[in-house]
Amino acid sequence: MFSYCTDPSTLEGLSWLSCYLTTGKHVNLYISVFVVLTLLAITAPTALVFGFGAASAARSKFLPLRWFGKGYTSIVRGVPDIAFFLFFVIALDQAFEWMRHKVKCPDWDQPIRQGIDFVVCDAAKLPLSTSPQWVHETYGFFLAVLTFSIVFGAFAANVLYGAMRAVPRAQIETAEAYGMTHRQAFWRILVPQMWVYALPGLSNLWMVLIKSTPLLFLLGVEDIVYWAKELGGTKTARFTDYPHPNWHVEYFFALLVFYLCFTKVSEVVLDRVMTRLTKGQATAAGEAQRKAAA
Amino acid sequence: MKSLILGTAALALTAGMGLAETVRLGTEGAYAPWNFVNDAGEIDGFERELGDELCKRAELTCEWVKNDWDSIIPNLVSGNYDTIIAGMSITDERDEVIDFTQPYTPPDPSAYVAQSADVDLENGVIAAQATTIQAAFVAEQGWTLVEFATPEETVAAVRNGEADAVLADKSFLDTVVGDGLVMLEKSESLGGGVGMGFRESDAELRGKFDAAIQSMKDDGSLNELIAKWEVSSQW
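Protein sequence lines, in the order shown, are assigned to chains A and B. Residue numbering for the first sequence follows the UniProt record's numbering, beginning at 1 and increasing consecutively. Residue numbering for the second sequence follows the UniProt record's numbering, beginning at 1 and increasing consecutively.
It is worth saying that the hints were derived from the structure and are not from the lab. Do not take every clue at face value.
[As the list claims (entries may be wrong)] A few chain B positions that, by computed beta-carbon distances, are all more than 10 Å from chain A:
#1 Pro109
#2 Ala117
#3 Ala136
#4 Leu145
#5 Glu162
#6 Lys186
[Stated by the list, open to error] Derived EDC-like pairs (lysine to aspartate or glutamate); straight-line CA-CA distance at most 16 Å:
#7 Lys211/A to Asp223/A
#8 Lys56/B to Asp219/B
#9 Lys125/A to Asp202/B
#10 Lys25/A to Asp39/B
#11 Lys208/B to Glu59/B
#12 Lys228/B to Glu53/B
#13 Lys25/A to Asp241/A
#14 Lys104/A to Asp122/A
#15 Lys25/A to Asp44/B
#16 Lys170/B to Glu188/B
#17 Lys170/B to Asp108/B
#18 Lys208/B to Asp52/B
#19 Lys228/B to Asp44/B
#20 Lys186/B to Asp118/B
#21 Lys66/B to Glu137/A
#22 Lys125/A to Glu97/A
#23 Lys229/A to Asp68/B
#24 Lys229/A to Asp39/B
#25 Lys125/A to Glu21/B
#26 Lys25/A to Glu42/B
#27 Lys66/B to Glu42/B
#28 Lys66/B to Asp223/A
#29 Lys186/B to Asp108/B
#30 Lys66/B to Asp44/B
#31 Lys25/A to Asp223/A
#32 Lys66/B to Glu222/A
#33 Lys217/B to Glu53/B
#34 Lys102/A to Asp122/A
#35 Lys170/B to Glu230/B
#36 Lys211/A to Asp81/A
Heads up, the beta-carbon is just placed ideally off N, CA and C, and yes, glycines get one too.
Full structure from sequences and hints, please.
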């Protein structure tokens, strides 16, 4: 990176460290921070949409839709994350490939399952084996977002379902007395008021989501924990210009600081959101806010 | 979300236009000198050079993919990459699940590293990487085995006293001895040499690499590479 980095063995102290921390390998670590943040930024809203859909479905008057909403939340919440990540992603990937196979190669005569091998024609592979590495990585990332969203969507669904029931019945009755339809009462009265009940549960989920990113490596996405482990390992002079003993403690300490800062920032933001949502609500906190202002 | 799906689909379609056969090579990236991640963040080592040369001879375009050792066989079978080139010894057990090329390094003894040379292996605790021939061997002997996910952790366990000795390939242990660790005199002959692993349904691709390995054996370039990285004895 810097011009003086050509022969690191002659360097000491800070200049050595500045070279060490800017090697290509460390740049990978910094990139993985952004990968993780992007993943969270996409997953959180998607999971919320899944959760909202499932919670609304679970309240539906239409029986199969209710079954679907309730089945989704209870099954996904009941399966351990790691089992879900190992099994579901492979199943999902194979389902995509199977569908493409049926469409693209109708005259394929060999069985798709050969022993434990899953064989589809080349044109049906996802991504195609000829595509560059970054397409494979994007696809893996997309699968990760989808899987995380499904898992956390189920938890969010349960939180939102509870929040919807927590909105006082009198509010809905009043809406109906004003002549609103069921749909209008749902969107205009129930949904705006439920967030204040949902937020404590959702903020818990957000904290858990932040910390579950190491599951990413199961899907082949290299996250910060993977790189900290790799970089912290003992490096002998034969294979690197920057030999060092086992530095796992230092790297994991840095991770700890990163996660603590991140969760602290989240807490501050969530507190502000909570104050805003409480405004004008018929809850104890809302009442306290009104009195303080008066 | 929707645009992401569409974007990925569009990419997958356009990427398929320029067809040159690309083979994805899966490795662990944590087993110097066989395969490791260098300062630049790229896969390096004996198998990197070997794999690139084999691809050149077989006239294939190759991409390197990193994968945990634990899940390296399942991910090959499910199609995440096309071959394993990760210092994997050929054993009957693995051969039931995947197929191997001919070995590219001869079977070499595995060695022990401990804090002192007079360690009692039979009553001690032996560390080995999970699902390796060394772990299988220790379990077979009826000794106390502790397994770790990465080679690095097996050595760390001996350093901090959690295990009394570690059993692994000698070439890997050569890179860690010194600094309080010694290699024992005793060694074990395990496995049938190191080869590349393929899905059982991929016989054609396996044949190409098999031929390339044979041509490197014939012209002596494989021996040069083995000598350069000090991974094993020569052919």
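Status of the hints after comparison with the structure:
no.	hint	result
1	Pro109	21 Å, holds
2	Ala117	21 Å, holds
3	Ala136	20 Å, holds
4	Leu145	22 Å, holds
5	Glu162	13 Å, holds
6	Lys186	24 Å, holds
7	Lys211/A to Asp223/A	11 Å, holds
8	Lys56/B to Asp219/B	15 Å, holds
9	Lys125/A to Asp202/B	14 Å, holds
10	Lys25/A to Asp39/B	5 Å, holds
11	Lys208/B to Glu59/B	9 Å, holds
12	Lys228/B to Glu53/B	14 Å, holds
13	Lys25/A to Asp241/A	12 Å, holds
14	Lys104/A to Asp122/A	10 Å, holds
15	Lys25/A to Asp44/B	12 Å, holds
16	Lys170/B to Glu188/B	10 Å, holds
17	Lys170/B to Asp108/B	8 Å, holds
18	Lys208/B to Asp52/B	14 Å, holds
19	Lys228/B to Asp44/B	13 Å, holds
20	Lys186/B to Asp118/B	11 Å, holds
21	Lys66/B to Glu137/A	11 Å, holds
22	Lys125/A to Glu97/A	6 Å, holds
23	Lys229/A to Asp68/B	12 Å, holds
24	Lys229/A to Asp39/B	15 Å, holds
25	Lys125/A to Glu21/B	13 Å, holds
26	Lys25/A to Glu42/B	8 Å, holds
27	Lys66/B to Glu42/B	10 Å, holds
28	Lys66/B to Asp223/A	13 Å, holds
29	Lys186/B to Asp108/B	13 Å, holds
30	Lys66/B to Asp44/B	11 Å, holds
31	Lys25/A to Asp223/A	13 Å, holds
32	Lys66/B to Glu222/A	9 Å, holds
33	Lys217/B to Glu53/B	12 Å, holds
34	Lys102/A to Asp122/A	12 Å, holds
35	Lys170/B to Glu230/B	10 Å, holds
36	Lys211/A to Asp81/A	13 Å, holds
Against the hints set out earlier in the document, no violation occurs for any number.
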